[in-house]
Amino acid sequence: MILVVDLCYRPGSLSAYEFVDPITAIIRGTGRDVRTCHSTQVDAALAGDAEAVILCGTALRDQEYAGYPDRFAWIRGCARPVFGICAGLQVIGRAFGGSLTACTEIGMTPVRVVRDDPLFADRASFEAYTLHSIALDPPAELEVLAVSGACVQAVRHRTRPIAGVLFHPEVRNPWVVERFLEYSLH
Amino acid sequence: MRLGVLCSGGKDSLFACWRAMQKEEVACLITVVSRNPESYMFHTPNIRLAALQADAAGLPLVEVETAGIQEAELDDLARAIGIAVADYDIEGVVSGAILSVYQAARIQRICHTLGLWCFNPLWHTDQQAYMEALVDAGFGVLVSGVFSEPFDEHWLGRVIDRAAIDDLRTFARTHRISLTGEGGELETFVFDAPFFSRRIEVVDAAVSYRNFRGTYRIRNARLVEK
Numbered sequence: 001m002i003l004v005v006d007l008c009y010r011p012g013s014l015s016a017y018e019f020v021d022p023i024t025a026i027i028r029g030t031g032r033d034v035r036t037c038h039s040t041q042v043d044a045a046l047a048g049d050a051e052a053v054i055l056c057g058t059a060l061r062d063q064e065y066a067g068y069p070d071r072f073a074w075i076r077g078c079a080r081p082v083f084g085i086c087a088g089l090q091v092i093g094r095a096f097g098g099s100l101t102a103c104t105e106i107g108m109t110p111v112r113v114v115r116d117d118p119l120f121a122d123r124a125s126f127e128a129y130t131l132h133s134i135a136l137d138p139p140a141e142l143e144v145l146a147v148s149g150a151c152v153q154a155v156r157h158r159t160r161p162i163a164g165v166l167f168h169p170e171v172r173n174p175w176v177v178e179r180f181l182e183y184s185l186h
Numbered sequence: 001m002r003l004g005v006l007c008s009g010g011k012d013s014l015f016a017c018w019r020a021m022q023k024e025e026v027a028c029l030i031t032v033v034s035r036n037p038e039s040y041m042f043h044t045p046n047i048r049l050a051a052l053q054a055d056a057a058g059l060p061l062v063e064v065e066t067a068g069i070q071e072a073e074l075d076d077l078a079r080a081i082g083i084a085v086a087d088y089d090i091e092g093v094v095s096g097a098i099l100s101v102y103q104a105a106r107i108q109r110i111c112h113t114l115g116l117w118c119f120n121p122l123w124h125t126d127q128q129a130y131m132e133a134l135v136d137a138g139f140g141v142l143v144s145g146v147f148s149e150p151f152d153e154h155w156l157g158r159v160i161d162r163a164a165i166d167d168l169r170t171f172a173r174t175h176r177i178s179l180t181g182e183g184g185e186l187e188t189f190v191f192d193a194p195f196f197s198r199r200i201e202v203v204d205a206a207v208s209y210r211n212f213r214g215t216y217r218i219r220n221a222r223l224v225e226k
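Top line first, the protein sequences correspond to chains A and B. All residue numbers for the first sequence refer to this note's numbering, where the first residue is 1 and numbers rise by one. All residue numbers for the second sequence refer to this note's numbering, where the first residue is 1 and numbers rise by one.
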């Protein structure tokens, strides 16, 4: 079972259709079972029961998640693969000591891969859909995999199966989510 | 949260409105009427009837006109949203965008500039499940325009029911159309919805069709009891 974590402003919000459902559809398309929970309901035990955890993005104006960093403390000790999307990348980064900075990108954006990694195997660059007003200054434990002209777009933990992207792979790039699950679960 | 729903009169905007009503408070509909039939953002054959839909839904309508010049028409959309903020105190905007990055990114930018929330509750939805949910929920939807093969003129004015969805699914396979018409293959008009207190009856419509392109232009319509 893949645990999909909804980071939107409240459980069952209007934003979940947009930021959670497309991710669950991608995962179900790989033949895997999905369980969806709001971030307020997730703890270390629940994350530990999953094969992998995916942290979803939020609406551009929704920064409720950023006000509760302790809610995501379980990420540091999680033994399962964890993948973050936009807000999900930000909470992963903060869990490992990174900081957030103002940076807005909206729409299709060129992304350049700067480090060989299975997540982007064979791709030197691609166009991705961005929708953020905050970017991550990654901590030392996370290495940068890809960048746009404005900020870091993808990171990976140096020793553990934890990664994240600032862009939204559910738009035009579902292969990113599929590839993370494929290589982190085999 | 008080929201304004961008309304073209078609199924996507009104289904998005219905979803928004279930989670937040819809304060008004917002319509941009384009004088340019080639408008990228706003052209649709029966846009003037959004006022009748707003009446049926018991919602106020913010309506502005645009010359429909690419990109400049976005200023008119921002103006319309600004009116909705001033008159109805909305905090966010809802759109029926499904796959169009062009449309969605532009609406997101306007909302970001105005400090508003932006919701797209049909974004990347499962198109088959959506079309079935539309019919099952009691939406009354007719085809108001066709713009590609293999649609013949019998599609103009046709109500979207299970049989129509089956036909669209066949066309999706044989002609690679999108099931929802997201690729611009067809346009729709909503004459009934679960949140309409009355439904819209078409009294008179003009059909124009040639070479796989046609419109069903409603010339006269009225609200009747359901």
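Hints listed in this document are in silico derivations from the structure and should not be mistaken for laboratory results. A portion of the hints provided could be inaccurate.
[Stated by the list, open to error] Label pairs and their computed distance ranges (CB to CB):
no., chain 1, residue 1, chain 2, residue 2, range
1, B, 126, A, 104, 28 to 38 Å
2, A, 122, B, 126, 23 to 33 Å
3, B, 147, A, 28, 29 to 39 Å
4, B, 148, A, 35, 34 to 44 Å
5, B, 128, A, 11, 53 to 63 Å
6, A, 10, B, 137, 15 to 25 Å
7, B, 220, A, 35, 45 to 55 Å
8, B, 51, A, 44, 36 to 46 Å
9, B, 148, A, 73, 23 to 33 Å
10, B, 154, A, 104, 29 to 39 Å
Keep in mind it's a predicted model, so treat the numbers as computed, not measured. Idealized CB from N, CA, C, for every residue including glycine.
Structure-based check of all given hints:
1. 126/B - 104/A: 28 to 38 Å: 30 Å, holds
2. 122/A - 126/B: 23 to 33 Å: Holds: the Cβ-Cβ distance is about 29 Å, inside 23 to 33 Å.
3. 147/B - 28/A: 29 to 39 Å: Once the Cβ atoms are compared, 32 Å apart, the range 29 to 39 Å for residue 28/A and residue 147/B holds.
4. 148/B - 35/A: 34 to 44 Å: 40 Å, holds
5. 128/B - 11/A: 53 to 63 Å: For residue 128/B and residue 11/A the Cβ distance comes to about 27 Å; the hint is violated.
6. 10/A - 137/B: 15 to 25 Å: Holds: the Cβ-Cβ distance is about 24 Å, inside 15 to 25 Å.
7. 220/B - 35/A: 45 to 55 Å: 52 Å, holds
8. 51/B - 44/A: 36 to 46 Å: Taking Cβ atoms as reference, residue 51/B and residue 44/A lie about 55 Å apart, which means the hint is violated.
9. 148/B - 73/A: 23 to 33 Å: 53 Å, violated
10. 154/B - 104/A: 29 to 39 Å: 48 Å, violated
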